[in-house]
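Starting from the structure of chain R, add chain Y where the hints point.
Residue strings, one per chain:
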Amino acid sequence: MSMRIRGTEIEATFAEAFTMRIARLIVTARSERWAREAALKCTGFATSVIGCKCEAGIERWLAPDETPDGRVGVSILFMVMAKDDLPKRLIERVGQTILTCPTTACYDGLPDAPDRVKVGSALRFFGDGFQASKMVGGKRYWRLPVMEGEFLVAEDFGMLKGIGGGNFLILAESPDAALEAAEAAVDAIDPLANVILPFPGGVVRSGSKVGSRRSKTMIASTNDAFCPSLRAVTKSELPDGVNSVLELVINGIDAAAISTAMKIGIDAACRPGVVRISAGNYGGKLGPHHFHLQQIMGGAA
Amino acid sequence: MSGLTLTLTAPLAADTDLSALTADGWASSTAATLAARPVFVGRVRHVVGELFTISGEPGDTLVLHGDLARAHGIGARLALGTLVVHGDVGNGTGIAMSGGLLHVHGNAGDNLAGAFPGEKRGMTGGELLVTGNAGDESGAAVRRGTIAIGGNAGARTCRGGIAGTVYVAGDCGADAGLFLKRASIIVGGRVAIPAGFREACTYDPAVVRLLQRRLLHLGFPLPAAQRGGSWRRCSGDAGDGALGELLLWTS
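Going down the list, the protein sequences come from chains R and Y. Last residue of the first sequence? That's 301 in my numbering, and every number before it is there in order. Last residue of the second sequence? That's 251 in my numbering, and every number before it is there in order.
Isolated chain R (complex conformation):
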């Protein structure tokens, strides 16, 4: 079935996504500058579990009246594949990037999640016996004395099953058109809660396929079927006239959040110079969550 939005074809395909374990960190600081510094460091080098062991991104900025301590803050979504990995990665990241950042405090953004992972209770040992706990509103927090003053961190964080790997591909006539469409899509998705775009600026230029033609040890390699420069030497999936492809990868709390983000992002990406919107999948055999593009865009203009 053919579907077009403002002249851009929406391919009859689907994005294949995976169940991931997710935590939400609320990082506050004395000023937006330091909240941003902590958030950028914490979510840095966290694009894909393939090479970074975790995926993370800034969900949204928080006004003082939205944070537990009344300071400006930022909400971070943090995702891993295996349940046991989440505490390890959180302890590393919070310990090295938020604990170290001036004026910050770190709170749990999923207080009602029944599954809990211990973070503050492990980081407390940095206090070398001078740490103190404090119960506030039935939740335990750890106060770690640091040279600047004191770092406050929640004892544990909620863990939910989320979804990672929602995606769509922007097939465009030129690199400029692809980038402009991707930027428009990122800007459209940016205000949404419950989703993150873990890649640089929200955009991936190096989509991957499973495995490698040359190496048995590589779990992923370039998605040659979508590389315009390989059109003549590989089994290309690209229609005529496409000279650049960019991908948006969307991780979220649940399928509804990802569907909403895909719908809004795809709609923004359908603009002059964009030939087709496609999606990455593995034939439906690897990931349990399938996001069918035409179904998602069914309500679009």
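No lab work stands behind these hints, which were simulated from the structure alone. One or more of the hints may lead you astray.
[Said to hold, decoys possible] Keeping only pairs whose Cα atoms sit at most 30 Å apart, straight-line, the calculated DSSO-like set for lysine-lysine is: (1) R:Lys83 with R:Lys216; (2) R:Lys161 with R:Lys285; (3) R:Lys139 with Y:Lys120; (4) Y:Lys181 with R:Lys139; (5) Y:Lys181 with R:Lys118.
Leaving out everything else, chain Y in the frame of chain R:
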């Protein structure tokens, strides 16, 4: 939120022990069963129903109306639910409470959230808010939980506090934090630094802001001026390890 409302029918003629009011099972009590709970007015045994009119449906909230300044032990051993008092309360309010919320819209007497005679620990959990003033030894031997006093506190606040937090928005009387172990006393008004405390620094601990947000959420009348500025930290009591703290608001 459902619960029973008790309204004092006449001024209390003598000191009254209301500690049985929130004994085990109060949250499931009907008006009739709660009315049958014992109270002692002076040395004379009465039942709750002789002092209060009771209305409402059983639930996890109990609301008391009236001048209960001569009623002692209100909220004793409270472990869950919400107890709201509109009026002054007497001594031993929230004594040995371990959970739930006790919110007094008025003044409180001595030994707020303290320990029963012979017991080592006072409050071990929950939240106790007093919008007005409190008497001597508020939070004595507190082990865990939060006590907030909107006005002034009397002498020896948090005496022997093991852990937990006492927030006094007003002034503190003499010998605050005497024999303090690990507890926190946060004072928005004036307090004399006890001899066993040493000044550490002036800073802006996030935990105070967190606590303030919680208190505001519960409807505690926190002075706006205290929601900012810095806090002067003094550690003590030196004779008990100096792991406790006195945080004093500085403008």
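Is Lys181 (chain Y) within 30 Å of Lys118 (chain R), Cα to Cα?
holds (26 Å)
Hey, Lys83 (chain R) versus Lys216 (chain R), does the alpha-carbon distance stay inside 30 Å?
holds (27 Å)
Can you confirm whether the C-alpha distance between Lys161 (chain R) and Lys285 (chain R) stays at or below 30 Å?
holds (20 Å)
Under the criterion that the straight-line Cα-Cα distance not exceed 30 Å, is the pair Lys139 (chain R), Lys120 (chain Y) satisfied?
holds (24 Å)
Within a Cα-Cα threshold of 30 Å, do Lys181 (chain Y) and Lys139 (chain R) meet the stated pairing?
holds (21 Å)
Checked against the numbered hints listed earlier, the structure breaks none of them; every hint is satisfied.
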